[in-house]
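A.B. asks: Each chain, letter by letter, is given below.
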Amino acid sequence: MAKVEITVNGVKHSRDVEDRVLLANFLREDLGLTGTHIGCDTSQCGCCTVHVDGLAVKSCTMLAVQANGANVVTIEGMAKNGALHPIQQAFTECHGLQCGFCTPGMIMAVAGLLKYNPNPTDEQICHGLEGNLCRCTGYINIVKAVKRSAELMSGKK
Amino acid sequence: MYPFSYVKAKSLKEAGEFLAAHPDAKLLAGGMTLIPTLKARLAQPSHLVDIGGLAELAGIKEGAGKLLIAGGTRHHEVATSDAVKKAIPALAYLANLIGDPQVRNRGTIGGSVANNDPAADYPAAVLGLGATVVTTRREIAAEDFFQGMFTTALAPGEIVVRLVFPVAKRAAYAKFPHPASGYAMAGVFVAETATGVRVAVTGAAPGVFRWKEAEAALGRNFNPAALAGLAVNADELNEDIHATREYRANLVAVMARRAVAQITGK
Ligand SMILES: Cc1cc2nc3c(=O)[nH]c(=O)nc-3n(C[C@H](O)[C@H](O)[C@H](O)COP(=O)(O)OP(=O)(O)OC[C@H]3O[C@@H](n4cnc5c(N)ncnc54)[C@H](O)[C@@H]3O)c2cc1C
Ligand code: FES
Ligand code: FES
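Here the protein sequences line up with chains R and H, keeping their order.
Under this note's numbering, think of the first position of the first sequence as 1362, with each following residue one higher.
Under this note's numbering, think of the first position of the second sequence as -19, with each following residue one higher.
Just chain H, same shape as in the assembly (with noise of 0.2 Å):
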């Protein structure tokens, strides 16, 4: 690791201020991105602006039609609370599938989005509801603030302060775990919104992205027999040591019909 200096933020207000006045500043939440990175030698920031457990970013609240959780929500809190569980129990299923259980006790959801990585849980969730992130200085649709690997809309500084969650009236998601890592290789998150059915891609691709085909077909007939013949484009997909973009769409639909028979119960 690369020397820097550690600064425990007290409020938002601080550790704002002191990210606009030190452009190499970094946020430190849960750090279990952060500091794998810093390990590896991958960045060199020059202060770490630790926002870990300030009361702020921390709670998870239900009501009219809405789920609010703060940035600083750890993946086991979102995993077991009941509030979760009982407005869009596969986001609480979506939170116990994220790593381990040692990752799930520091990482941060507000972390999670902020970081986008590309085969990350929490996107598929958040553009298959069609949430908003509020930040210290706006609301961002999740249309608009997930922005291809690893690139968000946020601005220096700018903090992901809580995700409003619309409940849905039915969601489901399902992963297919890269074995070593447990980063997804395809995640599928299907939602029936108040505005029409959301099926949103992670894992396959540079970003998480809608297949606007598989919601148009369940649009018609919510069942996983909606999805037969219906296959993504491969060549947009992600190709590496393990998969091919081939293998990799075939992911994709078998993880859609999977979600949906998760919620058809066939």
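Next up, chain R with everything else stripped away, as it sits in the complex (with noise of 0.2 Å):
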């Protein structure tokens, strides 16, 4: 067992873990937190995705020790007061989502790209989503949200 102190979404916690507990069980089963999903084993489908000191990173292949100390992002911490974030308002609006299950990991992967290139053409967000699978939708209105939620934070309605 090991002492974590992680904080999550601007809250410390602090826990005791396994030391084989991945960060994405961490959150959902210990914190409640089940918005961050598992959808493969692999590696590979990136429903998991959360930022990990502003970076963002698959929760399913990061032990929960290794994130002691970090400031943690989940997509319950992107609506702010209410309001929804930029980027799901986008998905809202451009029908970027089906079922939902990849949407988390989507949000969260596409606010990390949007913090490198704010502007991003439709094969730097095809680039940029690499790491994320969608079962439904055929990714072409995500990468039309993607556009939209980079308008929406440059503050154009």
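Worth flagging that the hints you see were computed from the coordinates, not collected in a lab.
Hints are supplied without guarantee of correctness; some may be wrong.
[Stated by the list, open to error] Here are some, though not all, of the chain R residues that point toward chain H, as calculated from beta-carbon distances under 8 Å:
(1) ASP1377
(2) ARG1381
(3) SER1404
(4) THR1410
(5) LYS1419
(6) THR1422
(7) VAL1426
(8) LEU1474
Just so it is clear, CB atoms sit at the ideal spot from N, CA and C, and this is done for glycine as well.
Build the complex: two chains, separate frames, hints provided.
C.D. replies: Quick look at the structure:
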């Protein structure tokens, strides 16, 4: 067992965790933050994407102990005071989801992408979302939602 | 995952000593290979010794015709580093093709070369540029370091500290990724170095290798046309559900031509 102190969405949590517990399971089972999804066993689907110290990572491919002392943001930390984050709003407007299973990870990956490239081209969006699989949408509306996110985040209505 | 104990190393020395005292312990860097392996129960280490974030394994430096990249440098840092883009742009380009952004945000160059996956990208650059692998014990030339599928010259407990890349005159990398995994079905790194043209191939065979015939042909005439009619020996390549040997041999030739064309512009 290890003692960890992890800040998640601005709240500090101290817990004892088994050394082999994945960050994704810690978030879901210890903290009850089930917005972070687990869609595969092979680190390929990206449903579990969260930000650790500002970087988008697959929380199923990181141990909770590796996040000791870190600052984690999950999908639950995106909306502020009841208002959707612009990326969440854009996914809603553009029909960027169907079943929604991939969406939390997609949104966290988009947030990571737009941090480095606030105005990406279609090609850069596809390259930037290579780590996220969607079984429903065919990606077209996801790409639209990313472009709309970029607009909303640069202040365009 | 089988149970193990997690240990956060405070220094390379501490990590090395811990590994020496615990033969079934394993280093953990970015975890992008090791954690999926543990999840699939394909390994059962007693301990994971975390070297992530060690200051001794951080940093990119350039000078005197060499580019030094510390073992703990993440793929994303190599892909976006101004020093790498200036000295060896093909290396930044290659790093940006590894996996996906989330993998590049955690995976490290030291972990990638130590793992020596036959379909990994970095081994092509390390061998193609004639780099040196500096470990906690010695310096190892790329030719001696890679020893076939998942095998390297590293002794138990030896840690990759940095890679030293001689700056090439010109270099390029062309990769045909597997459409699902993103790993190379064939990847070819071509470099015009101070000691001649080097061509390194990953993804196609059980381990990264130099394609000497292509090197000789490009040494005479550095042009995609110089590769016309040349082929790697398909008998020595991998065959699996994704591709036959012959298909991979063809991919190698096509990737080599594309890499040279990236440099010459035709
Ligand atoms: C979805 C996905 C897609 C990927 N696609 C690609 C791809 O397209 N191309 C590609 O090349 N790779 C790909 N990878 C692998 C990725 O590049 C890994 O980051 C890399 O292979 C291992 O680096 P790491 O730092 O994560 O090492 P870890 O997983 O932490 O360690 C890997 C191995 O190396 C050992 N090790 C780690 N660091 C050192 C060191 N400094 N010295 C000695 N031994 C060490 C560890 O003990 C372990 O055995 C992919 C991975 C995933 C999950
Ligand atoms: S759950 Fe699929 S990548 Fe993490
Ligand atoms: S909306 Fe169903 S998987 Fe993406």
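A.B. asks: Can VAL1426/R be said to touch chain H, with a Cβ gap under 8 Å?
C.D. replies: holds (5 Å)
A.B. asks: Close enough to count: is the Cβ of ASP1377/R nearer than 8 Å to one in chain H?
C.D. replies: violated (13 Å)
A.B. asks: For the hint on LYS1419/R, just tell me whether its beta-carbon gets within less than 8 Å of chain H.
C.D. replies: Hint holds; LYS1419/R Cβ to chain H Cβ min 5 Å, cut 8 Å.
A.B. asks: Does LEU1474/R pass the interface check with chain H, least Cβ-Cβ distance below 8 Å?
C.D. replies: holds (7 Å)
A.B. asks: Tell me if SER1404/R is really an interface residue toward chain H, meaning its C-beta lies closer than 8 Å to one of theirs.
C.D. replies: Result: holds, 5 Å to nearest chain H Cβ.
A.B. asks: With chain H as the partner, please determine if ARG1381/R meets the hint condition of a C-beta pair closer than 8 Å.
C.D. replies: Since chain H brings a Cβ to about 5 Å from ARG1381/R, closer than 8 Å, the hint holds.
A.B. asks: May I ask you to test the interface hint for THR1410/R with respect to chain H, counting a Cβ-Cβ separation under 8 Å as satisfied?
C.D. replies: Result: holds, 6 Å to nearest chain H Cβ.
A.B. asks: Go through the hint on THR1422/R and say holds or violated, using the shortest Cβ distance to chain H against 8 Å.
C.D. replies: holds (5 Å)
Violated hint for the displayed structure: number 1, the only one.
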